[in-house]
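Novice: So you can see what is in the structure, the chains are spelled out below.
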Amino acid sequence: MSFAFLLAGFLGTTNAGRVARAREASGPEPRSLVLALLAGCVLVVGAVILADDLLDALAISPESFRIAAGLVLAATAIWTIVWPNPFSGPFAAVLVTPELACLALSFGADEPAGRVLGAAAIALALTALAALARPRTESVRPEQFLAALQIIVAVALVVSGTRDV
Amino acid sequence: MGRFDGAPGWKGAPSNERLGRLSSWREHRRWLISQIVLWGVGAAVLRLLIVPAEVCPRVEAPAVQRAIDEGAAWLVRGQGEDGRFLYGYYSERDQASRAYNTTRHAGVLDALYRAGRIRSADSGLAYVRESLVHEDDWSAFAPRGGLASVGTNGLLVLALLHRREATDEKRFDGLTRRMARFLVSQAQPDGSVLKYWRPATGRSVPGAYGRYSTGEAFYALALMHRTFPGEGWGRHAHRIVEYLATRRDEAEGAPMRQADHWAAYGLATLGPAELTEVEVDYARWLAGFFGYLIRFEAQHGEGSPSPVQQSGAALGTDGEAAAALWELAGSEPRLADLRDDLGDRVSCLAGTLVQRQVPPGNPNPSERGAWFSDGYTQMDAQQHVIAALLGAREAVR
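Residue numbers (this note's numbering), protein chains in the order written: chain H, 228 to 392; chain R, 1382 to 1778.
Just chain H, same shape as in the assembly (with noise of 0.2 Å):
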């Protein structure tokens, strides 16, 4: 996988337009956009460290969970696109989503783990900028935009799971 794989499917998970918005709709303190992006990175790097021995207890091989992984993002972005409801729950478990898990444990068990970390760094940084900057409007599409992104990871993913060994 290239790194610009790794961080389109980060970009689309971590979706920092629906991160942007639940801003917009709850205004968080400070202390929780801190909290949400440690819940984020506690998500993200837990998955990958522990991608191989969790896939090997379940018994499931790193080619056959990219399946399911592209599955869980393409549910999760259509429900995105055609429901662009504002996050409900407290803002600081904005990232704690099983889009986020699933990839993080998918290119943790295909990949090295620092650089799925580095591209998960990129996008959360990104994200984390989103969050703090308070765009003036409560458009959806970005939020939209980043979901189509997700479904593009998705089939990749999905296509890649039933064709490699």
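If you're looking for bench data, these hints aren't it; they were derived computationally from the structure. Every value quoted in this text rests on a predicted model; they were computed, and no experiment measured them. A couple of the hints might just be wrong.
[To be verified] A few chain H residues facing chain R, derived, Cβ under 7 Å:
1) 288
2) 295
3) 310
4) 313
5) 315
6) 316
7) 325
8) 342
9) 389
10) 391
11) 392
Quick reminder that beta carbons are idealized off the backbone N, C-alpha and C, glycines included.
With chain H held as given, fit chain R onto it using these hints.
Specialist: Okay, now just chain R, sitting in the frame of chain H:
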């Protein structure tokens, strides 16, 4: 009086911070519960339907060899005096099938020669030699009143070549070359291969192509090239596999590139030094396709929450292709990255196949050593599984 007053550890009125946390918990309680349910249900659905555990029974080479021997013994036990084999058997009705298929007969001969059952295979070959047609520079087997099929004759060429390898005898070399020339005569300039030749008209049947016969012709000609280098067979083999890899599906109306285990054998036989980039790409595609099928079977076998029962023949062909490509990946640097994963898949399927075989202690000779699906077994189940296990023997060592 507040509800917390007097509770153990309670040291007075709750602080604003504590009240804030309580309020936040109440506010998001429903969301949190819904998330727990969503993650739990999602994980369960994924586990049950999409990624059940891949179950790969451990197996070692002696067990693989025993399974080969038992499977071959089933075929030999079912052979009649005319050289034909028991075609199929329904275990619940204790009834043999009366059908017969000469392409499967040829495939069984090849498996038996490869498994070292020369006498039985020779008896089956005698049945074939009674119905040969001869034209110009070629010969072909055509059952009485039937057509000469490229698939059947391709498998017969393979059987004769494997017989030559097993016995070091050359007495059928002339016949082998004549039958191989029949395959070449059916090949078109674009690499497609007409499936039938009709003895009554003395012509090929136009527009009829087989799903597997083109790959069988390719494998047979590739093995001819390896056995008789310098005779020009390789040129025909490359022309056919190039068609399989690039044009067959569009030309023959298939929605996607066909997974063809015979093509996998042929590519492995042509070997690393002679493969073009197109052929290497095709081998990689085949490896991915058959690798996925084996993973799927490992996830959905017996005992899985979402079982999908495959016939022995289907499982066997997957194993044949994977084992052939594993061998190729061991000598072709452009495919070396696939070697370990293919080895894992070959071993995994070999374990499943050994486990699914009716054990040698079974008192019914029509069941013992066979691979059943829905209470039925057919000669090609044994043929393909034996061939898959022959290929797997090296991988599980």
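Novice: Report the numbers of all earlier hints that the structure fails to satisfy, in ascending order.
Specialist: 3, 4, 8
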